[in-house]
Amino acid sequence: MDAHLSPNDLAALISRCTGVTVTGEQVTDSDRTFDDLGVDSLGLMGVLAELQRNHGMSRDVDMQPDQSPLELLNLVSGRA
Amino acid sequence: MSPVVTGLGVIAPSGIGVGDFWPAVRDGHVALGPVSRFEPNPYPVVVTGEVSEFEPEGWIDPRITVQTDRFTHFALAAAGMALRDAELDPRTVPPFEFGVVTASYSGGVEFGQREIERLWKDGPEHVGPYQSIAWFYAACTGQISIGNGLRGPSGVLVADEAGGLDAIAAAAGELRRGAKAMLVGGAEAPFCPYSMCCQLGLGLLSTGEDPTTAYLPFSYRANGFTPAEGGAMLVVEDEEAARARGVDVRAVVAGHCATYTGTQRFDRSAEGLLRAAEGALAEAGVDAADVDVVFLDALADRRADAAEAEAVRRLFGDRADRVPATAPKAGYGRCYSGAAVLDVATAVLAIEHGTVPPTPGVRDCRFDLDLDLVTGAARAADIRTALVLSRGQHGGNSALVLRRPEPIQGGN
Amino acid sequence: MTRRVAVTGLGVVAPGGNGTKAFWELLTAGRTATRPISLFDAAGFRSRIAAECDFDPAEAGLTAAEVARMDRYVQFAAVAADEAWQQAEMDLADPWRLGVCTGSAVGATTLLERDYAVTSNAGADWLVDARLASPFLHRALSPAALAAEVADRVGARGPVRTVSTGCTAGLDAVGHAARLIEEDRADVVVAGAAESPISPIAVACFDAIRATSARNDDPAHAARPFDLDRDGFVLGEGAAVLVLEEWEHARRRGAVVLAEVAGFATRSNAHHMTGLTAEGVEMAEAVRRAMDQARLGPDDVDYVNAHGSGTRQNDRHETAAFRRVLGARAYEVPVSSIKSMIGHSLGAIGSIELAACVLALTEGVVPPTANLDTPDPECDLDYVPHTARERDLRAVLSVGSGFGGFQSAVVLTRARRS
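Sequences listed follow chains A, B and C, in order.
Residue 941 is where the first sequence starts when you use the working numbering, and the numbers rise one by one after that.
Residue 2 is where the second sequence starts when you use the working numbering, and the numbers rise one by one after that.
Residue 3 is where the third sequence starts when you use the working numbering, and the numbers rise one by one after that.
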């Protein structure tokens, strides 16, 4: 868990891992899925792996591209 | 049915795009230089051919950039240029009839070294999700297919340098079986430390320190080749389809043949190259007497150069010293799976411009070879038939014959 | 005149037993060769199971020099080629009409990784120390080495190359080889594929995308194609080699023809490097083209050797493709995946599966799908669970699907008198 991970931090991490430019506002928009942002399953796996390695997220967490970055943010920051 | 070339996309140390590449090659410009892809350089090869001004920005979607190696960046960018050059929108080609074939040699080695370093240094969970699709030899064919919506027949051939010609022949075969268009070519980005470490074992790389004299094939000072990055992609189409859409037919892919004479036995390759050339000419329906220019493999190894010259001598007989032969790659290096494809692109340009580009840097072609090696400046020539020769590191010998298209008969 | 392509020799190195005989015994018994990884210490990896070959190169007939020079996957191919070449009893007048076409997806991964670890000081140095590299490392960079080694064994002087279309390479190599004969570029082509990917980097890269099974506590039942409880493929290794020969060439010398390569086609999904389309349109298209070349319709297909990797996505994808291209016949024809027993050896598996198809034709037996206990409701065909079946087979279809979006299909028919 990383309670300090901000929407902007997560947006930057997603951009770095996937090559998709993502803003903090997009991360907090619950209607916007990874699919909508153009992040595919491989990209999402890279994001999850990075959060598991460096932000204390459980290795059991799985997520699909039809879920939203906000769901991920809530998970990793312990709000879910 | 004739397979014809309608579009060229080239990325070479000499230039990105035909507009930059051709004048540099025609004028014998030497585009080799010191290694800069990694620093410092602890290896004995200090001169290479790098495409120093190429960065993926502007060429590749950032989402694709993060999941691909530099060799795929080259291939994707070259494929885009070839499509634009051919003025061909893939959406206008029937689905399942536009395919991709690439030649491969070392794969996505730089991406691969970064990921394997993470594994060994930090542990298995540090290997990223893109290693599985970035490093393997099929990455370029897959990404070109996906990036351009090409659902036709796909292929990836590996016969090292010679594989570039084999790939073009395979694409021509798909056109004969009914495909309407193919993107075909090869690209290489072999300059990460581990890849260089692997190449050193070939024992054929030049250790010359002066870029103007490092790679001098067929000269008395020949002492190995200079490796390069880059490559080329071509659009080849069914001639009727190309003419029907009113696009220029640049050259006809008329014949191909491949033989094998043993790994690292370049001294034995004379017979292999000769038979490949004869087979390619036979398929093209022309004689050795019809050949107007030869693009040489040019390993710059004394035995290998002698073997290639012997093949040319035996092919042309008395005429051998009067058929212009050239190795423009001496100016930009040898980019493995992309090397022969760049030669084919150069041959197409030579046919169009009526010009044989020179072998840069070479001033002292060995007398014993009896070659008419074009050196110094380009030579004007009326080229109807061009022969391209290539040898692979593992012993393949391939030949491809290109012909100038016949002018369309004036109709009424 | 159409030049037809006969299969006149067969050789296999596979998990669970080397040689064609042991391979066929394993398949027809429905035994699985999946087990904990022993080739390296897999502690810390997500998937720690594989289908490994119990392979002793010296025992298999390779010299010390060959063993030193060849990476493991090349050793597999050399031994399989020897077996196939011996069976073909070839008497060939012209080596320039003899070609070799081999397939591999990841080439000399094992050797590349071993030497990487040595030259980089176990990953510490980006600027690797080239002086520590093995003298054969340059042969590892390109999988053209695979074709060259096989060519040297059989004395080939014709077209020699490797096809490296990822996980369809084993089918594509045989298909490409058949075309060299059809197009009159060779009379005989030694065709096949090899892979030895059970090394840390390959296991890690499939871990990263969760493509492989993590059923580490029950490796014998981990490869579960079409089963509701499947959780990915199990990595395998091995090689198979087929001697392909122009039909009249084989007939003239009185060779025993095992089967005919009657059709081959590939198409791409242009969709995603690892993802598959739900409908299987492109695989269906490849199958249709291969059947067209063979002049066969859906009702002529007596057995389908599925890609059946055991990933959730694949098994539904190809079931959809079979329904699309075979129509009602899809529900009548037996479909099975031998990956349930010998794992998924990436570029090699297509050739190994074709070897199984040749044996199915000659022996009149359909190999089963092991571990298929609870069929996935979305996979509703006859997948021959657990037990092999005797059946008179005239034409079989083998398909493959690979990273890059590649879809390939090969049709083999029983040898018949021309």
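For the record, the hints were derived by calculation from the structure and aren't laboratory data.
Model, not experiment: these values are computed from the prediction.
Do not rely on the hints blindly, as some may be mistaken.
What the hints assert, rightly or not - Under the rule of at most 20 Å between Cα atoms (straight-line distance), these lysine to any residue pairs were calculated in the SDA-like manner: (1) B:LYS122 <-> C:ARG48; (2) C:LYS23 <-> C:ASP84; (3) B:LYS122 <-> C:ASP84; (4) B:LYS181 <-> B:PRO96; (5) B:LYS181 <-> B:VAL248; (6) C:LYS23 <-> C:ARG33; (7) C:LYS23 <-> C:GLN315; (8) B:LYS122 <-> A:GLU990; (9) B:LYS122 <-> C:TRP128; (10) B:LYS122 <-> C:GLY46; (11) B:LYS122 <-> C:ALA126; (12) B:LYS122 <-> C:ALA45; (13) B:LYS122 <-> C:PRO377; (14) C:LYS23 <-> C:ARG391; (15) B:LYS122 <-> A:GLN992.
Said to hold, decoys possible - Here are some chain C residues the structure puts well away from chain B; computed CB gaps all over 10 Å: (16) LEU94; (17) GLY168; (18) GLU287; (19) GLN315; (20) THR376.
Unchecked claim - Derived list of chain A stretches under chain B, where covered just means 3 residues or more per stretch with a C-beta under 8 Å from a C-beta of chain B: (21) 961-968; (22) 1002-1009.
All C-beta atoms, glycine included, are put in the ideal place defined by N, C-alpha and C.
Hints, one by one, checked against the model:
Taking the CA atoms of LYS122 (chain B) and ARG48 (chain C), the gap is about 18 Å. The hint holds against a cut of 20 Å. Among the hinted pairs, LYS23 (chain C) with ASP84 (chain C) is consistent with the structure: their alpha-carbon atoms are about 15 Å apart, no more than 20 Å. In summary, the hint linking LYS122 (chain B) to ASP84 (chain C) is not supported, as the alpha carbons are separated by about 40 Å, beyond the 20 Å threshold. A hinted pair counts as satisfied when its Cα atoms are at most 20 Å apart, and LYS181 (chain B) with PRO96 (chain B) qualifies at roughly 10 Å.
Our distance criterion of 20 Å between C-alpha atoms is met by LYS181 (chain B) and VAL248 (chain B), whose separation comes to about 14 Å. About 14 Å separates the Cα atoms of LYS23 (chain C) and ARG33 (chain C), which keeps this hinted pair within 20 Å; it holds. Between LYS23 (chain C) and GLN315 (chain C) the alpha-carbon distance is near 33 Å, which puts this suggested pair outside the 20 Å criterion. Restraint check: the Cα-Cα separation between LYS122 (chain B) and GLU990 (chain A) comes to about 16 Å, which is no more than 20 Å; the hinted pair holds.
The hinted pair formed by LYS122 (chain B) and TRP128 (chain C) meets the criterion: a straight-line CA distance of about 11 Å does not exceed 20 Å. The straight-line distance between the Cα atoms of LYS122 (chain B) and GLY46 (chain C) is roughly 14 Å, inside the 20 Å bound, and the hint therefore holds. Annotation: proposed proximity of LYS122 (chain B) to ALA126 (chain C) holds, straight-line Cα distance about 6 Å (limit 20 Å). Distance check on the hinted pair: LYS122 (chain B) and ALA45 (chain C) sit about 15 Å apart at the alpha-carbon level, within 20 Å; holds.
Proposed proximity of LYS122 (chain B) and PRO377 (chain C) is contradicted: the alpha carbons are some 42 Å apart, above 20 Å. Proposed proximity of LYS23 (chain C) and ARG391 (chain C) is supported: the alpha carbons are some 18 Å apart, at most 20 Å. Distance check on the hinted pair: LYS122 (chain B) and GLN992 (chain A) sit about 18 Å apart at the alpha-carbon level, within 20 Å; holds. Listed as a non-interface residue, LEU94 (chain C) keeps its Cβ farther than 10 Å from every Cβ of chain B; the least gap is roughly 14 Å.
A beta-carbon of chain B is positioned within 10 Å of the beta-carbon of GLY168 (chain C); the least distance is around 4 Å. Listed as a non-interface residue, GLU287 (chain C) fails to keep its Cβ farther than 10 Å from every Cβ of chain B; the least gap is roughly 5 Å. Against chain B, the non-interface label of GLN315 (chain C) holds: every CB pair exceeds 10 Å, the least being about 15 Å. Residue placement check: THR376 (chain C) keeps its beta carbon more than 10 Å from all beta carbons of chain B (closest about 29 Å).
Interface restraint, the stretch 961-968 of chain A with chain B: violated (1 residues with C-beta to C-beta distance below 8 Å; minimum three). For the stretch 1002-1009 of chain A, the assignment as covered by chain B is violated, since 0 residues bring a beta-carbon within under 8 Å of that chain's beta-carbons and 3 are needed.
Consistency with the previously given hints fails for numbers 3, 7, 13, 17, 18, 21 and 22, ordered from lowest to highest.
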